[in-house]
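Asks: Please model the entire structure based on the sequences and the hints provided.
Protein sequence lines, in the order shown, are assigned to chains A and B. Oh and the first sequence: position 42 is 42 in our numbering, straight run, nothing missing. Plus 88 on top of the position in the second sequence (first one is 1) and you've got our numbering.
Because the hints were derived from the structure by calculation, they are not lab data. Watch out, some of these pointers could steer you wrong.
[Claimed, not checked] Listed below are several chain A residues computed to face chain B (Cβ distance under 8 angstroms; list not exhaustive): (1) Arg38; (2) Asp42; (3) Ala46.
C-beta: ideal position from N, C-alpha, C; glycine also.
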Amino acid sequence: MSDPLIDRLKILIVATLKLEGVRPEEIPDDEPLIGSPRFGLDSIDALELVLALEKEFGVKIGSSEESRQALTSVATIAAFIRAHAPGA
Amino acid sequence: MSERPDQTRNPGPRWGFAFLRWADRNWPRWFFRLALRVGNAVAVVLLPEQRRQSRAYLTVALGRPARWMDVVRHFELFSEVLLLKMHVGHGRDVACTLAPEHAEAFEALVRSAQPALFGTFHVGASDLLGYRLADWGRQVSILRLRVGNSDDTRLLGERFVRHVSFLWINDPTKLLFDLKDAIERGASLALKCDRLEYAARTEAFQFLGARRLFPFTIYYLAVLFDRPVAFCVAVPGRDATRDPLCLHASLPFHPDPAAGRAANLAAARLHFQTVLTELEVLLRAEPRLWFNFLPLNPVAA
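Replies: Structure, rendered in structure tokens:
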């Protein structure tokens with residue numbers, strides 16, 4: 001059964017980063033996003049994604065190690081948001 | 089992040105700055121100047137990689153094969169500007185005049201309360217621009233790569249500690265968040281946009297006879313955070329250690345939030361090309377101002 005938050009995140013990632021030829025459901029939950037040859041996301045993409053997540057979920061993603069690890073994959077982003085924006 | 093980096097790319101040994109400080113304080117001026125010239129000639133001999141890169145760049149900028157004396161004078165101007173930075177770090181104020189072209193628009197931005205992104209290059213005394221912005225009352229975060237012989241940066245940072253902070257870019261994973269934090273707390277950023285290392289995005293622009301790659305990250309930041317971008321370089325006078333600096337500024341680039349990312353980036357490309365064209369005019373007039381003793385920006389494939 002799909003996770004609504006995960007699904008929402010994948011849609012947000014594709015829309016924010018304008019991933020051409022990638023459908024949201026094609027993004028694996030645990031695949032690394034940044035530095036992945038498949039998605040080709042760099043640090044500017046990461047920054048753009050952070051801003052979109054902050055705007056969408058009202059979370060603050062700062063320079064802590066925890067925040068940096070949150071961006072590892074869709075699953076870790078979802079865990080971060082659940083921990084910091086319980087209403088999501 | 090490494091606290092004791094091994095990189096020493098400027099034309100001088102790791103201990104060179106400390107020695108310059110000591111000699112500048114203790115030797116008579118005439119003797120110090122003479123020793124500096126001799127030291128420069130020795131540096132040209134002992135630093136083959138920097139010498140090679142200087143010669144390669146000067147050959148492009150001059151439009152003819154660079155001669156030995158061209159390289160020596162390149163090193164000399166670098167050390168003169170290093171001295172100037174040292175004096176400023178020790179409390180001396182340096183006079184600055186703003187070149188008339190674009191001065192009004194640039195000064196209006198600088199004197200406004202609006203946080204901005206200030207770009208510059210490893211050209212002339214441009215290292216001092218971040219501190220000049222502090223003089224104008226701005227809180228500035230300066231992006232720097234920590235290299236083994238960056239004592240000049242440390243000294244200047246100590247003087248301007250109330251207004252200037254550093255974002256050391258040796259740790260790219262942390263840089264992203266540091267940049268965001270600095271921008272979100274309202275600081276202006278000052279960053280150099282000529283070296284490709286750690287550049288998140290690069291693009292090709294016409295510069296010194298070819299389409300060459302340059303960092304383009306500053307414009308992405310501008311568009312993402314809706315911040316204006318302005319470039320400025322500081323050109324030393326005939327006596328680099330004593331004469332006023334002449335600041336050459338660009339027109340500011342203002343992202344249009346209503347225009348969308350693609351349109352803003354297209355406008356940004358035109359802006360940066362203009363900036364580089366104006367920089368090239370300065371460098372053609374005085375090629376020694378380019379203080380990258382590294383391979384010239386590569387030609388785009």
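Asks: Can you give the numbers of the hints that this structure goes against, from lowest to highest?
Replies: The structure breaks only hint 1.
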